[in-house]
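Trainee: As they're listed, the protein sequences go chains A and B.
Position 237 (the first sequence) corresponds to 237 in the working numbering; numbering is contiguous.
Position 286 (the second sequence) corresponds to 286 in the working numbering; numbering is contiguous.
Everything labelled a hint here was simulated from the structure, so no lab data went into it.
Note that the Cβ used here is the ideal one computed from N, Cα and C, for glycine as well.
Honestly, I wouldn't trust all of these hints.
[Claimed, not checked] Short derived list, chain A residues pointing at chain B, Cβ under 8 Å: (1) ILE62; (2) VAL66; (3) SER81; (4) ALA102; (5) LEU197; (6) GLY228; (7) LEU231; (8) GLY301; (9) VAL310; (10) LEU363; (11) GLY369; (12) VAL370; (13) LEU371; (14) LEU374.
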Amino acid sequence: MSLAEVPAVLILLGVAAYLALAGADFGAGFWDLTARAGADRVREHTHRALAPVWEANHVWLIFVLVVCWTAYPEAFGSIFSTLAAPLLLAAIGIVLRGASYAARSAGESPTASAVFSLSSIVTPFALGAAIGAIASRRVPTGNAAGGLFSSWLNPTSIAIGTLAVATSAYLAAVYLAGDARRIGSPELLRAFRARALGAGVAAGILALAGIAVVAADAERLFEGLTQGAGLAAVIVSALGGVATLLLVARGRYGPARFSAALAVAAMVAGWGLAQAPELLPGLTIEEAAAGDATLVALLIGVAAGSVILVPSLALLFGLVLRGRFDAAAAAAAPTQRPAAASAGRGRGRAVAVAGLIVLGVPLTLLADGVLFALGVVLMLAFVAAAFALLVSPEALDQRDSG
Amino acid sequence: MIGLLASALGPVDQEYLLEARQMQALSFAVHIPLVCFGIAFPAIVVFVEWLHLRTGDPLYRTLARRWSKVMIALFAVGVVTGTILSFELGLLWPNFMATFGDVFGLGFALEGFSFFVEAIFIAIYVYGWDRMSPRLHLLTGIPVIVAGVTGSLTVIAVNAWMNNPSGFELSGGRAVDVEPWDALFGNEFLWHELVHMYLAGFIVMGFLVAAAYAVAWLRGNRTRYVRTALVVSLTAAALASPVQLVVGDWAARTVAENQPTKLAALEGLGPTQEGAPLHLLGWYEDGEVRYGIEFPKLLSLLAYHDPNARVEGLEAVPAEDRPPVNVVRVAFQTMVGIGMLLAAIGAVWIVTWVRKRRPPESRWFFRAVVAAGPLSVVALISGWVVTEVGRQPFVVYGIMRTEEAVTGADGILFGYGVLAAVYAGLIVATAWLLRRLSRAPLDVGEEGGDVAR
Numbered sequence: 001m002s003l004a005e006v007p008a009v010l011i012l013l014g015v016a017a018y019l020a021l022a023g024a025d026f027g028a029g030f031w032d033l034t035a036r037a038g039a040d041r042v043r044e045h046t047h048r049a050l051a052p053v054w055e056a057n058h059v060w061l062i063f064v065l066v067v068c069w070t071a072y073p074e075a076f077g078s079i080f081s082t083l084a085a086p087l088l089l090a091a092i093g094i095v096l097r098g099a100s101y102a103a104r105s106a107g108e109s110p111t112a113s114a115v116f117s118l119s120s121i122v123t124p125f126a127l128g129a130a131i132g133a134i135a136s137r138r139v140p141t142g143n144a145a146g147g148l149f150s151s152w153l154n155p156t157s158i159a160i161g162t163l164a165v166a167t168s169a170y171l172a173a174v175y176l177a178g179d180a181r182r183i184g185s186p187e188l189l190r191a192f193r194a195r196a197l198g199a200g201v202a203a204g205i206l207a208l209a210g211i212a213v214v215a216a217d218a219e220r221l222f223e224g225l226t227q228g229a230g231l232a233a234v235i236v237s238a239l240g241g242v243a244t245l246l247l248v249a250r251g252r253y254g255p256a257r258f259s260a261a262l263a264v265a266a267m268v269a270g271w272g273l274a275q276a277p278e279l280l281p282g283l284t285i286e287e288a289a290a291g292d293a294t295l296v297a298l299l300i301g302v303a304a305g306s307v308i309l310v311p312s313l314a315l316l317f318g319l320v321l322r323g324r325f326d327a328a329a330a331a332a333a334p335t336q337r338p339a340a341a342s343a344g345r346g347r348g349r350a351v352a353v354a355g356l357i358v359l360g361v362p363l364t365l366l367a368d369g370v371l372f373a374l375g376v377v378l379m380l381a382f383v384a385a386a387f388a389l390l391v392s393p394e395a396l397d398q399r400d401s402g
Numbered sequence: 001m002i003g004l005l006a007s008a009l010g011p012v013d014q015e016y017l018l019e020a021r022q023m024q025a026l027s028f029a030v031h032i033p034l035v036c037f038g039i040a041f042p043a044i045v046v047f048v049e050w051l052h053l054r055t056g057d058p059l060y061r062t063l064a065r066r067w068s069k070v071m072i073a074l075f076a077v078g079v080v081t082g083t084i085l086s087f088e089l090g091l092l093w094p095n096f097m098a099t100f101g102d103v104f105g106l107g108f109a110l111e112g113f114s115f116f117v118e119a120i121f122i123a124i125y126v127y128g129w130d131r132m133s134p135r136l137h138l139l140t141g142i143p144v145i146v147a148g149v150t151g152s153l154t155v156i157a158v159n160a161w162m163n164n165p166s167g168f169e170l171s172g173g174r175a176v177d178v179e180p181w182d183a184l185f186g187n188e189f190l191w192h193e194l195v196h197m198y199l200a201g202f203i204v205m206g207f208l209v210a211a212a213y214a215v216a217w218l219r220g221n222r223t224r225y226v227r228t229a230l231v232v233s234l235t236a237a238a239l240a241s242p243v244q245l246v247v248g249d250w251a252a253r254t255v256a257e258n259q260p261t262k263l264a265a266l267e268g269l270g271p272t273q274e275g276a277p278l279h280l281l282g283w284y285e286d287g288e289v290r291y292g293i294e295f296p297k298l299l300s301l302l303a304y305h306d307p308n309a310r311v312e313g314l315e316a317v318p319a320e321d322r323p324p325v326n327v328v329r330v331a332f333q334t335m336v337g338i339g340m341l342l343a344a345i346g347a348v349w350i351v352t353w354v355r356k357r358r359p360p361e362s363r364w365f366f367r368a369v370v371a372a373g374p375l376s377v378v379a380l381i382s383g384w385v386v387t388e389v390g391r392q393p394f395v396v397y398g399i400m401r402t403e404e405a406v407t408g409a410d411g412i413l414f415g416y417g418v419l420a421a422v423y424a425g426l427i428v429a430t431a432w433l434l435r436r437l438s439r440a441p442l443d444v445g446e447e448g449g450d451v452a453r
C-alpha cells in the first residue's frame, strides 16, 4: 500500500465504524418511529441504550470528512458540490436526530421526540445514496460538475440508500436485543429479537436485489464486486449477515453484535476494493492525494489521536456494555466527608493574585517577545487564581454566614 | 495583492454568493454560542463538583448535577450545529476545500480527536453520577475541559491561517510545498484569536448562566442554591471581562500589522495617515467617517502605541479588495462597546464581593446582569463578524477570493431557506428545553441534600 492510499483505508474504516455504530443509532430511531404496541417502553429502551454513546458514534462521520478533505481535497470538493442535495438532507436529518436526544435528556416525552425520528430514515438513505453516486461513477471531478438530482436519484443510489436504512434497523435491533437481555427485560428482548430477525431477512433480500440493480446500472462496480478481493469481501459480508441471524435465533446476542458489525465492515471494504484504484471517474487515489508532507502530518495526527481515542472508546463501551449506566446500577449517593476548612493565609494569597494582574497587564500591553507571552500567561493565571480565591468554599461560607 | 490564477476546481458563476455567505454566517452564529458552553461550562461544573468533594456540602453536588444536564443537552445541540458547519465547508465552498484542504485540513483532523474525547467523557461524566467513586467521577470531567482547549486551539488555527495564510506555495491553482504544521501552528494570529475566544467562552457562558439566576434573584428567590449559582457563574464572567479588553488590544495590534485593510475597515480610515484619529459612532461614507465623535491620534496610539504612527488606510488597496466597511465598523464598535459595559459590570461585582462580602443590593445591578447575558452573545457574534467580514473579499486573506471558493451548484436559496427553518426550530426547541430543565424541581432525593433554604 502506498502512502497515498493509507488515508483511503482510514476513510473506509471511518465509514464502517460510522455505519456499525451511528447506523445503529439511526436504526433505533427507525424502531422509535415504527413502535406501536408498548411504544413508550420501546422508545425508553432505545433512548437509554444509546444516549451515552450517540455523540461519540457520531464523530466518526466528522472523522471521515476531515480525512477526506485533508488527504483528497479535490475529490472532497467535487463530491460535496455535486452531491449537495443528499448531503444537505443528511445534515438536516442529523440536526433533528440530535435535537431529539437533547429534548429527551430534558425530560421530553418519548412520543413527541419520536417525531424527530423521521430523520433516522432520511439520513442513512441520503448518505447511502451519496455513496451510490460515487460508486456508480456519477460524481465527476469539478465544481458541481455532476447532476444535482441525477447523481443520487438513480437505481444504484436508491438501492444502496434503501439497504443503508435496512442495515441500520438490523444493527439497532441486534444491539437493542442484547441490551434488553442485560437489563433483564424478557418482553423487550422478545420484541427486539423479532425485529432483528425480520430486519436481517429484509436487509439480506435488499442486498441481493441491490446486486442485481448494480449489475444493470453500474457495470464497473458490479465487476469489482464479483471478482477477486471485492468478491471475497462480499462473501464475508454475506456470511457475517447469515451468522448474525443464526446467533440471534439462538439467543447469543454478544457475538451477534460483532458478526453484524463485521458484515457491515466487509460491505464497506467491498465497495473500496471494487472501486480502487479509482476515487472519482478519471481520478485515481494517487492523483487525488495531497503532498507527502500533508499525508505524513495527517497520519502522525491520526496515530497520536488514536493513542488517546482507543482507550477512551474502550472505557466508554466497556461501561455501557457492562451495564454501568443502566438504571439499576445507580448506587446510593455516597456521603462525602467534609474536609476541614483551612483558615488564614487569606491576605497573602490575595496579594499574590493581585500581583499576577498588576504584572500581567503592563507586560501584555508594552512588552515584546517572551516577556509579552509571560504577560498573557500571568493574566490568564490571574483569572483562574482569582476565581479559586473568590469562590473558594471558605469564601462562600464566610459570605453565607455574613 | 496576488490574485489566484486558477484554483483546483476552476471558476464558476454563482449568482447567490451573498446568500451562500449569509447561510454560512447564520450557521456560525447559531453554533458559536454553544461553543462557549463547550469551552467554559465543563470547567465550571467540575469546579462546583470539586467544591462538593472539598466540603461535603450536598448543595454543590445538586448544582453540579443540575448543570451537567444542561451541559450535555447544549453539547448535543452543538454537535449537530457543528456538523452542519463542517458539511457547509464542502457544500458551499468546495473550491476553497479543493485548493487548500491539504494545507489546513490537519487542524480539523486533530480537532476531530478532541471532539471524540469530549463526546466520550461528557457522556461518562453525565451518565456516571453515582456509578463510580466521587473522586473518579470528578476526574472524568477533566478530559472534557482539556478537549475544550485543544479543540478550540486546532479550529482557531484554521481560522488564523485563513486570516494570515502561510506554509505553502501556489502553482497552477494548487497549493504545493505544503508545510501543514507550520501553516497551522507557526502562525502569529493563532494565539490572540485563541486567547480572545477562550475568554469569550467564559464571558458568554458566565453571563448567560448568571442572567438566568439573576432573574430568579429579582423574583425574590434568594436561596443559598440560587446565590451559589449566581456567585460562581458571575465571578467567572466578571474576571474574564476586564482581561478581555487587554487581549482585545493585543488582537487589534496584530491585525494592524498583518491585515492593515481590516484595521482600516474597522475604524473607517480612508486615506493612509500619520497620527490617525479614532471615531466613535458615525457612518463611513466617501473615504471618511461622518457624524462620529473624533478622538485625534487615538487610532495610531491604540494600534501602534505611538500617537504619530502611520496607519494604512482603505485607499491603499483597490476598491474591489476592500471589505464592506460599515458592516465591519458597526460590528467592531458594538463588540467594543458591549465589552466595556461587561467589564464594568464585572468590576462592580468583583469590588462589591471583595469589599462587602455579599452581592450588590441594587436591583439595577441584577437587571444589568440579566441584560448582560444576551448582550455578551451579541458581542461574541459581532467579534466574529469583524474577523470574517473584515477579511472579505477574501476567504484566504490576499490569496483566494470568496467568489472563487463558492460552489457552482444550484439551489443555494432553497438550502438557505430550509436551513433557516431548521435553525428556527432548533432555537425554539433549545429555549424550550432549557426552560423545562430549569423548572424541574430540584430532586432532593437523587440530587441530594437540603438545598432550598
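Trainee: Each hint: holds or not?
Mentor: How the hints compare with the structure:
1. Checking ILE62/A against chain B: minimum C-beta separation of about 5 Å stays under 8 Å; hint holds.
2. This hint holds: VAL66/A has a C-beta 4 Å from the nearest C-beta of chain B, less than the 8 Å allowed.
3. Restraint check, SER81/A versus chain B: the minimum CB separation of about 4 Å is within 8 Å; hint holds.
4. The criterion of a C-beta within 8 Å of any C-beta in chain B is met by ALA102/A, whose closest approach is roughly 4 Å, and the hint holds.
5. Here the hint on LEU197/A is broken, as its CB sits about 30 Å from the closest CB of chain B, past 8 Å.
6. Hint status for GLY228/A: violated, given a least beta-carbon distance of 31 Å to chain B, over 8 Å.
7. Because the beta carbon of LEU231/A sits about 33 Å from the nearest beta carbon in chain B, more than 8 Å, this interface hint is broken.
8. For the restraint placing GLY301/A at the interface with chain B, the shortest Cβ-Cβ distance is roughly 5 Å, inside the 8 Å limit, so the hint holds.
9. For the restraint placing VAL310/A at the interface with chain B, the shortest Cβ-Cβ distance is roughly 10 Å, beyond the 8 Å limit, so the hint is violated.
10. With its C-beta approaching chain B no nearer than about 10 Å, LEU363/A sits outside the 8 Å limit, and its interface hint is violated.
11. Contact between GLY369/A and chain B, as hinted, is not supported at the beta carbon level, the nearest pair being about 12 Å apart and thus beyond 8 Å.
12. Interface hint at VAL370/A: violated, since its Cβ lies 13 Å from the closest Cβ of chain B, which is beyond the 8 Å cut-off.
13. Interface hint status for LEU371/A: violated, as the beta-carbon distance to the closest one in chain B is roughly 13 Å, over 8 Å.
14. About 13 Å separates the beta-carbon of LEU374/A from the nearest beta-carbon of chain B, more than 8 Å, and the hint is not met.
Consistency note: the structure conflicts with the earlier hints numbered 5, 6, 7, 9, 10, 11, 12, 13 and 14.
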